[in-house]
Amino acid sequence: MKIRVNSTRQLLTVLGGLLYLLIIVFQPLPTDASTLIYTIQVGSFKNVERATRQYDSVIDRLNKEALDNLRIEKIGQNYSVRLGNFVDPINGNNLHRTIKHIFPSTLLMKAYIKDERIIKMYSNTGSLNKKKKNDSLSVSRNSEFLNSLVSDEKKEEDRLYYTIQIGSFIPHDRARNEFASAIQKLFDQNPDHLRIEKVGIYNSVRIGKFADYIGAEKYLASVKAHFSAAFIIQAYVKDKRIVSELKRDHSHEESRTNIETNSLNSNTPVTSLDKPGFTGNDQLEQYSKLPAIDKCTLHGTVIMNNVRLAIIEDSDSKQSYLYKLNDQIGGFIVSDILENTVILKDKDTMVKILLWENNKNVLSNPDPELSQDIEEESSQGKSRMVMGVEKERGRRLSGKRLLERQRLLNESLGRSIPNP
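FYI, the working numbering numbers position 193 of the sequence shown as 193, with every residue one higher than the one before it.
Keep in mind that the hints are not guaranteed to be accurate.
Stated by the list, open to error - Here are the simulated PhoX-like pairs of lysine-lysine, each with C-alpha atoms no more than 25 angstroms apart in a straight line: (1) K198 with K240; (2) K289 with K64; (3) K240 with K295; (4) K120 with K198; (5) K74 with K64.
Quick caveat, the hints were computed from the structure, so don't treat them as lab data.
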């Protein structure tokens with residue numbers, strides 16, 4: 001083909017047209033990595049640590065079937081947690097609606113998926129730091145399958161509940177302190193499903209297990225009176241995550257409070273008081289002869305079934321902590337926890353810490369009012385919790401009266417169990 005060119009301007013025009021045709025003809029076909037798809041962004045953060053925490057939370061709170069293409073992408077200065085890879089926006093919207101009530105800030109968006117931006121990708125066998133290149137886009141899901149992710153036919157522990165979170169801590173000791181503080185402060189509310197849950201690296205103190213938001217909202221007001229930072233969340237209540245739990249036994253007409261402590265029950269031996277015929281008066285008499293130390297102050301004890309806890313304040317630091325059997329304190333090991341006494345021992349020595357009231361020991365200085373409480377409770381035949389202590393029929397103390405007296409004692413001495 002010959003093209004007649006009459007001027008330089010025409011020559012440039014012709015060359016430009018040929019160049020344009022070459023670009024169109026030889027343009028590479030789009031690949032998956034450069035094709036716009038629909039994806040769900042759960043959150044975007046300035047640092048990778050916060051993005052990783054969000055990423056772990058998504059794994060923890062969603063079913064495995066919903067975790068396809070869960071990833072962390074480095075986009076500019078931000079780290080974005082994204083989920084899903086959809087050609088059809090309908091399927092993306094279905095999954096978005098499914099998880100939005102768990103992560104309210106999620107949004108469905110159009111974006112490119114580029115391998116070089118992905119720093120972490122989820123797989124069924126765990127998280128991969130580097131994603132393998134996909135040959136094609138993920139197969140679109142149908143809405144029926146997505147809706148099955150939140151089916152009402154799931155196991156109870158896989159259902160979402162409304163619950164109240166009081167606090168969340170990385171150190172387990174701080175969570176135990178908050179747990180003990182909640183037992184004391186919410187005693188009058190007869191708390192149900194008060195627990196410590198291990199969620200990722202955090203120990204979260206939560207209370208309640210409500211099927212609807214209204215029930216949680218009603219209970220929140222009484223909790224916030226003592227824990228102002230408490231708030232309602234939706235979460236799965238999984239037995240394997242529960243470290244300690246205080247709950248009511250609904251199988252009896254009069255609800256009874258029990259503590260189930262997975263980690264404590266597995267490591268804590270049954271003490272002598274839990275073995276009928278083993279303790280007896282001889283053991284109690286031996287305890288009564290032990291020297292009492294004033295280096296620590298015993299604020300109260302929690303004794304339920306095989307669980308024994310004590311709230312002890314160090315006189316020097318004025319800090320209170322929750323101790324269980326076999327914990328170490330000041331070079332001693334917690335050997336036994338009784339209603340008003342904690343027994344400590346080392347290799348050659350045994351000592352005790354006594355519960356004090358206005359600088360007088362309540363064991364050696366009973367008062368008529370307290371004796372009257374014992375007689376009243378015994379005659380009514382009711383089992384009450386005294387600072388978390390459940391006693392057998394016979395000698396019973398008034399839980400509300402003793403709790404109120406302890407509160408007045410703490411106020412008069414300027415002592416309190418700190419909220420970490």
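Hint by hint, here is what the structure shows:
Distance restraint check for K198 and K240: the Cα-Cα separation of roughly 9 angstroms lies within the 25 angstroms cut-off, and the hinted pair is therefore satisfied. Using a Cα cut-off of 25 angstroms, the hinted pair K289 and K64 is violated, with the two alpha carbons roughly 59 angstroms apart. Taking the CA atoms of K240 and K295, the gap is near 38 angstroms; set against the 25 angstroms cutoff, the hint is violated. Proximity of K120 to K198 is assessed by CA-CA distance (about 23 angstroms); at most 25 angstroms being required, the pair is judged to hold.
The hinted pair formed by K74 and K64 meets the criterion: a straight-line CA distance of about 24 angstroms does not exceed 25 angstroms.
Going through the hint list in order, the structure does not satisfy hints 2, 3.
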